[in-house]
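Order-wise, the sequence lines are chains A and B. Under our numbering, think of the first position of the first sequence as 1, with each following residue one higher. Under our numbering, think of the first position of the second sequence as 1, with each following residue one higher.
Hints listed in this document are in silico derivations from the structure and should not be mistaken for laboratory results. Do not take every clue at face value.
As the list claims (entries may be wrong) - Pairs of lysine-lysine residues, derived as DSSO-like cross-links and limited to a Cα-Cα distance of at most 30 Å, are as follows:
1) B/Lys80 - A/Lys419
2) B/Lys147 - B/Lys419
3) B/Lys419 - A/Lys419
4) A/Lys180 - A/Lys147
5) B/Lys180 - B/Lys245
6) A/Lys180 - A/Lys48
7) B/Lys419 - A/Lys80
8) B/Lys245 - B/Lys147
To be verified - Which stretches of chain B does chain A cover? Using the computed rule of at least three CB atoms under 8 Å from a CB of chain A, they are:
9) 66-76
10) 248-261
11) 420-431
12) 435-446
13) 534-548
Positions of the beta carbon are idealized from the N, C-alpha and C atoms, including for glycine.
2 protein chains.
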Amino acid sequence: MLNYQAPARDMEFLLFDLFQVQREWADVPAFQDIDPDLVRAVLSGAGKLAGEVLAPVNQAGDREGCRWTDGLVQAPTPFKPAYRQLAEGGWLGLSGNPAYGGQGMPKLLGCLVEEMFWGANTAFYLYGALTVGAAICLDAHGSEAQKALYLPKLYSGEWSAAMDLTEAQAGTDLGLLRTKAEPAADGSYRLTGTKIFITSGEHDLSENIVHLVIARVHGAPKGTKGISLFIVPKFIPDAAGRPGKRNGVASGAIEHKMGVIGSATNLMNYENAVGYRVGEENAGLACMFTMMNYERLAVGLQGLGAGELAYQQAAAYARERLQGRAPGGPQRPEAEADSLLVHPDVRRMLLTIRAYTEGGRAFAMLVGRSLDRAKYSGDKRCQALAELLTPIAKAFLSDKGFECAVLAQQVFGGHGYIKEWGMEQIVRDTRIAPIYEGTNGVQALDLVGRKVLRDGGAALRVFVQEMTVDEVPKEYEEPLRSAFDRLLGVTDWVVAQAPEDPNLPGAASTDYLELAGLTIYAWLWARMAQIAPDEPFGEAKRRTAAFFFAKLLPQTAALDHSIRAGSGAVMGMADELF
Amino acid sequence: MLNYQAPARDMEFLLFDLFQVQREWADVPAFQDIDPDLVRAVLSGAGKLAGEVLAPVNQAGDREGCRWTDGLVQAPTPFKPAYRQLAEGGWLGLSGNPAYGGQGMPKLLGCLVEEMFWGANTAFYLYGALTVGAAICLDAHGSEAQKALYLPKLYSGEWSAAMDLTEAQAGTDLGLLRTKAEPAADGSYRLTGTKIFITSGEHDLSENIVHLVIARVHGAPKGTKGISLFIVPKFIPDAAGRPGKRNGVASGAIEHKMGVIGSATNLMNYENAVGYRVGEENAGLACMFTMMNYERLAVGLQGLGAGELAYQQAAAYARERLQGRAPGGPQRPEAEADSLLVHPDVRRMLLTIRAYTEGGRAFAMLVGRSLDRAKYSGDKRCQALAELLTPIAKAFLSDKGFECAVLAQQVFGGHGYIKEWGMEQIVRDTRIAPIYEGTNGVQALDLVGRKVLRDGGAALRVFVQEMTVDEVPKEYEEPLRSAFDRLLGVTDWVVAQAPEDPNLPGAASTDYLELAGLTIYAWLWARMAQIAPDEPFGEAKRRTAAFFFAKLLPQTAALDHSIRAGSGAVMGMADELF
Numbered sequence: 001m002l003n004y005q006a007p008a009r010d011m012e013f014l015l016f017d018l019f020q021v022q023r024e025w026a027d028v029p030a031f032q033d034i035d036p037d038l039v040r041a042v043l044s045g046a047g048k049l050a051g052e053v054l055a056p057v058n059q060a061g062d063r064e065g066c067r068w069t070d071g072l073v074q075a076p077t078p079f080k081p082a083y084r085q086l087a088e089g090g091w092l093g094l095s096g097n098p099a100y101g102g103q104g105m106p107k108l109l110g111c112l113v114e115e116m117f118w119g120a121n122t123a124f125y126l127y128g129a130l131t132v133g134a135a136i137c138l139d140a141h142g143s144e145a146q147k148a149l150y151l152p153k154l155y156s157g158e159w160s161a162a163m164d165l166t167e168a169q170a171g172t173d174l175g176l177l178r179t180k181a182e183p184a185a186d187g188s189y190r191l192t193g194t195k196i197f198i199t200s201g202e203h204d205l206s207e208n209i210v211h212l213v214i215a216r217v218h219g220a221p222k223g224t225k226g227i228s229l230f231i232v233p234k235f236i237p238d239a240a241g242r243p244g245k246r247n248g249v250a251s252g253a254i255e256h257k258m259g260v261i262g263s264a265t266n267l268m269n270y271e272n273a274v275g276y277r278v279g280e281e282n283a284g285l286a287c288m289f290t291m292m293n294y295e296r297l298a299v300g301l302q303g304l305g306a307g308e309l310a311y312q313q314a315a316a317y318a319r320e321r322l323q324g325r326a327p328g329g330p331q332r333p334e335a336e337a338d339s340l341l342v343h344p345d346v347r348r349m350l351l352t353i354r355a356y357t358e359g360g361r362a363f364a365m366l367v368g369r370s371l372d373r374a375k376y377s378g379d380k381r382c383q384a385l386a387e388l389l390t391p392i393a394k395a396f397l398s399d400k401g402f403e404c405a406v407l408a409q410q411v412f413g414g415h416g417y418i419k420e421w422g423m424e425q426i427v428r429d430t431r432i433a434p435i436y437e438g439t440n441g442v443q444a445l446d447l448v449g450r451k452v453l454r455d456g457g458a459a460l461r462v463f464v465q466e467m468t469v470d471e472v473p474k475e476y477e478e479p480l481r482s483a484f485d486r487l488l489g490v491t492d493w494v495v496a497q498a499p500e501d502p503n504l505p506g507a508a509s510t511d512y513l514e515l516a517g518l519t520i521y522a523w524l525w526a527r528m529a530q531i532a533p534d535e536p537f538g539e540a541k542r543r544t545a546a547f548f549f550a551k552l553l554p555q556t557a558a559l560d561h562s563i564r565a566g567s568g569a570v571m572g573m574a575d576e577l578f
Numbered sequence: 001m002l003n004y005q006a007p008a009r010d011m012e013f014l015l016f017d018l019f020q021v022q023r024e025w026a027d028v029p030a031f032q033d034i035d036p037d038l039v040r041a042v043l044s045g046a047g048k049l050a051g052e053v054l055a056p057v058n059q060a061g062d063r064e065g066c067r068w069t070d071g072l073v074q075a076p077t078p079f080k081p082a083y084r085q086l087a088e089g090g091w092l093g094l095s096g097n098p099a100y101g102g103q104g105m106p107k108l109l110g111c112l113v114e115e116m117f118w119g120a121n122t123a124f125y126l127y128g129a130l131t132v133g134a135a136i137c138l139d140a141h142g143s144e145a146q147k148a149l150y151l152p153k154l155y156s157g158e159w160s161a162a163m164d165l166t167e168a169q170a171g172t173d174l175g176l177l178r179t180k181a182e183p184a185a186d187g188s189y190r191l192t193g194t195k196i197f198i199t200s201g202e203h204d205l206s207e208n209i210v211h212l213v214i215a216r217v218h219g220a221p222k223g224t225k226g227i228s229l230f231i232v233p234k235f236i237p238d239a240a241g242r243p244g245k246r247n248g249v250a251s252g253a254i255e256h257k258m259g260v261i262g263s264a265t266n267l268m269n270y271e272n273a274v275g276y277r278v279g280e281e282n283a284g285l286a287c288m289f290t291m292m293n294y295e296r297l298a299v300g301l302q303g304l305g306a307g308e309l310a311y312q313q314a315a316a317y318a319r320e321r322l323q324g325r326a327p328g329g330p331q332r333p334e335a336e337a338d339s340l341l342v343h344p345d346v347r348r349m350l351l352t353i354r355a356y357t358e359g360g361r362a363f364a365m366l367v368g369r370s371l372d373r374a375k376y377s378g379d380k381r382c383q384a385l386a387e388l389l390t391p392i393a394k395a396f397l398s399d400k401g402f403e404c405a406v407l408a409q410q411v412f413g414g415h416g417y418i419k420e421w422g423m424e425q426i427v428r429d430t431r432i433a434p435i436y437e438g439t440n441g442v443q444a445l446d447l448v449g450r451k452v453l454r455d456g457g458a459a460l461r462v463f464v465q466e467m468t469v470d471e472v473p474k475e476y477e478e479p480l481r482s483a484f485d486r487l488l489g490v491t492d493w494v495v496a497q498a499p500e501d502p503n504l505p506g507a508a509s510t511d512y513l514e515l516a517g518l519t520i521y522a523w524l525w526a527r528m529a530q531i532a533p534d535e536p537f538g539e540a541k542r543r544t545a546a547f548f549f550a551k552l553l554p555q556t557a558a559l560d561h562s563i564r565a566g567s568g569a570v571m572g573m574a575d576e577l578f
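All chains, please: the whole structure from these sequences, using the hints.
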């Protein structure tokens, strides 16, 4: 059984000590009423839901899966009462707009709550995450009437949402999409086409499903400049805002997948489906990106939650499983064997997971804070920082989450490979995170191409200056300074080389993202070590920081070499030789 | 559909050009009749079986799985005719002892054949690999009568075999095993106990199953010094050597696993099962290790085969899938998009797989050659080299095989995650390789503790001297020399530190194995680049070598740092803080 307990102590440490939210929020009118007790109540409520309601149905969802019958899809049976509790607790509207029934909580707090839900039950929370993202998109780009109609229903979970982008020939390359939208006399549109891989596109957990669909209006320009965004509800709301007539949108099939088996992934058919445009015609991709950027951070949080879940199982197993003896002699001479914890290599695996997971939590909160600052202060530098960090959050958190899931599975030996213990499910469920919402390769290219090269590395340099080596333990000053220098040096090099070599950004991108992620984690670990309290919790922080600097940060040396090797090694081989 | 085509061109290049088998075998009486035509016939026959018989039932085996009914297990239906062809082709006796019906072929050739079978259908070939390993064990340790009875049946595949080691409380730590063996009046034994995770322990592909079981004879010393090895046949052979009375060994259940679903993994119960001792009482573990060492290389070959299979799918997909445009401008302006091959990051993934797979093939053959030399020349240095390389082969090949499977899945984007394309099956099937036959952590500890520290690094130093930088392209001389120096330097450091710090070997072990693997691959890539012919095949070799040196070898810098960080960062955290 996959037990999950929300890491409340760490979350409070990060909120109150590292990010000092009391001070952070004091200046923001919207957040002034959020006192520590409220924060703790939110964390505790979410933790209870995650640990006592969502986690217990995680493996059952994987076993039962979804059922497709004549265009209707049943989610796993035990997901239904769990979804009701998620919805009724108001969790989907936690960071939502208070003008429409949302609770207006900071993203800095919201990302911790989301991490818990992902960690407790990834397949389940996919039904929630799409809903939250669609609400953010509609709040930003919907008309007043659209917001008034849809947002309260989405925040309350009565209605859920899906993001309908991909088509068979248009995956990463959305410019190739073919779904058509014809204007109707009443100002609405009629959509026709087929999309694939639509998460939560059809299921029976909510009374209505709000599809956000991208399509091409007749006569639109080719490519991404001819894409418009539409609301296509499963049931068309009647005058009273209740689900009315069934719309021409239906699931043609569900996918059989490696993992997140409790999440329904649909092929969606639109036949003259009624759609309501969101934003301007042909400006749909920019609107959709509001949702995609949210989902990108959310997918990072999925990886993070998986790492935490995996760690909890592996640490418990390592403590309890007796096998072999400590290298320096028996630690429990009275028992037949010592625990797995005496083996340095088992500790290496556990500490790697800890270092990436706790470092990743601090990093996700950094992104959450920059989103809050951008939203509530309108500071353009904060917006630039959020944009810079989003691809790193999506890719680095999901890559490391998968790596951690695999390591935790490894701690279990053969027991990690059989279904009973659930470790293999964590690996299967987490494997999707580096793939969807833009593959991690696409994130890396976004980072280097759009976020670093476009401003000549300016936003990155500002961020590195903000990190600083002040207020970190003495022993980490030098390695941290070297890590910053390395990142800046590589950045300068890439900025200088790119104009001459169009293939360089892509050739360097994955290494560069990894280098940036490790450097940011190093700073966060140094800061956490500096302020960690004098108690066992703080001791564990300091030990994990030491592990990160000794065993993980050195990877940056290799990445530096690999990036500076340039594009020749990658591009030199002729296509026909592959 | 997972298509598999044996990489015959590469295999011939490695055999005839890199390892110069004509010269290698000329000195070995047993191999003198093996001419190039025979080698090509073997490769071609195995390749046909792999590509046309085993690969086509790979996904079907995953879908159907195994069925347990009242102690009997049915393998996937389409595995039955395939197994018959494997057996009737004599493939299980390829490197077997000619005195008992084996074909006496070199391991250097045999490992290529095995790679093909693993690559084409991993779950299926598990039925074969255990049989081959058991035959090697019996050939080395069985009595004359045992060899005469069992080897011909195993080589012909009429009977198959299983290796019954693990018990619930005794995984890595075999000293904890409890299965009992009581001597009977006729010189045989009666075994009682339960084992878990027994691959091919029960199935319906062969007319008999030969279990090699480790157990404790009454009164035996505790721990690993009290372990004896027994043959426990499913059906006790009658006087004519035909399967007779049903023995007291039966499957109590099969496991539900992440992958290799077509392979039956059994819980085995022994109730007064008749067993025949192999070798001396209490010397069973050493005998078993003959099989385990074979299986360790075999599991490495599993990883290697998976990398090849994954590469073939991903390269084909990348060629055919049109998505996005080349960074430098459209390559196919007439089409809606360019192929995935124009994207540097996709090439990075494909080249990484190629570099690890083709480098891994050369490495596996190096191990095969050292096994042949040890066996046929009796040269102790060759034996030491084979022992040094075995844990690297098991762990590095299986880790890289899994990494390659994941990368290839990533090339497919969302299509990699759904069952239809089969990529997710490769990942699931390959994930077991780093776990079983001694986890890769155990291999790393074996390498550092038993193979390097025990002789003070002597065997490793001899091997590094043999690698040399002679006869490699000029541009790789310096990086290669640095890589050797780095490996030797780290080895000296570990040898010097270990006596003071019992935790150091374990803390350094995984990094050390990785460092050794990368260094050996660097040498092999340099050699391959040097002798690659002037034709497209050779051009691809040289390009892949360049990629390896530019993008993968730099990882050794990070490993060096991480190893020299010592054991403090790993051991410092108190048990209760995990």
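Status of the hints after comparison with the structure:
1. The hinted pair formed by B/Lys80 and A/Lys419 meets the criterion: a straight-line CA distance of about 26 Å does not exceed 30 Å.
2. As the CA atoms of B/Lys147 and B/Lys419 are separated by approximately 44 Å, the hinted pair breaks the 30 Å bound.
3. For the proposed pair B/Lys419 and A/Lys419, the alpha carbon gap of about 18 Å is at most 30 Å, so the pair holds.
4. Proposed proximity of A/Lys180 and A/Lys147 is supported: the alpha carbons are some 24 Å apart, at most 30 Å.
5. For the given pair, B/Lys180 sits about 22 Å from B/Lys245 by alpha-carbon distance, which is consistent with the 30 Å threshold.
6. Straight-line distance between C-alpha atoms of A/Lys180 and A/Lys48 comes to about 45 Å, which puts the hinted pair past the 30 Å bound.
7. For the suggested pair B/Lys419 and A/Lys80, the alpha carbons sit about 26 Å apart, so the restraint of at most 30 Å is met.
8. Between the alpha carbons of B/Lys245 and B/Lys147 the distance comes to roughly 20 Å, so the proposed pair stays at or under 30 Å and holds.
9. Residues of the segment 66-76 of chain B lying with their CB closer than 8 Å to a CB of chain A number 0, which falls below the three-residue condition for coverage.
10. Interface restraint, the segment 248-261 of chain B with chain A: holds (5 residues with C-beta to C-beta distance below 8 Å; minimum three).
11. Given as covered by chain A, the segment 420-431 of chain B passes the check, having 5 residues with a CB less than 8 Å from a CB of that chain where 3 are the minimum.
12. By the rule of at least three residues with a Cβ nearer than 8 Å to a Cβ of chain A, the coverage given for the segment 435-446 of chain B holds, with 7 such residues.
13. For the segment 534-548 of chain B, the stated coverage by chain A holds: 7 residues have a C-beta nearer than 8 Å to a C-beta of that chain, and at least 3 were required.
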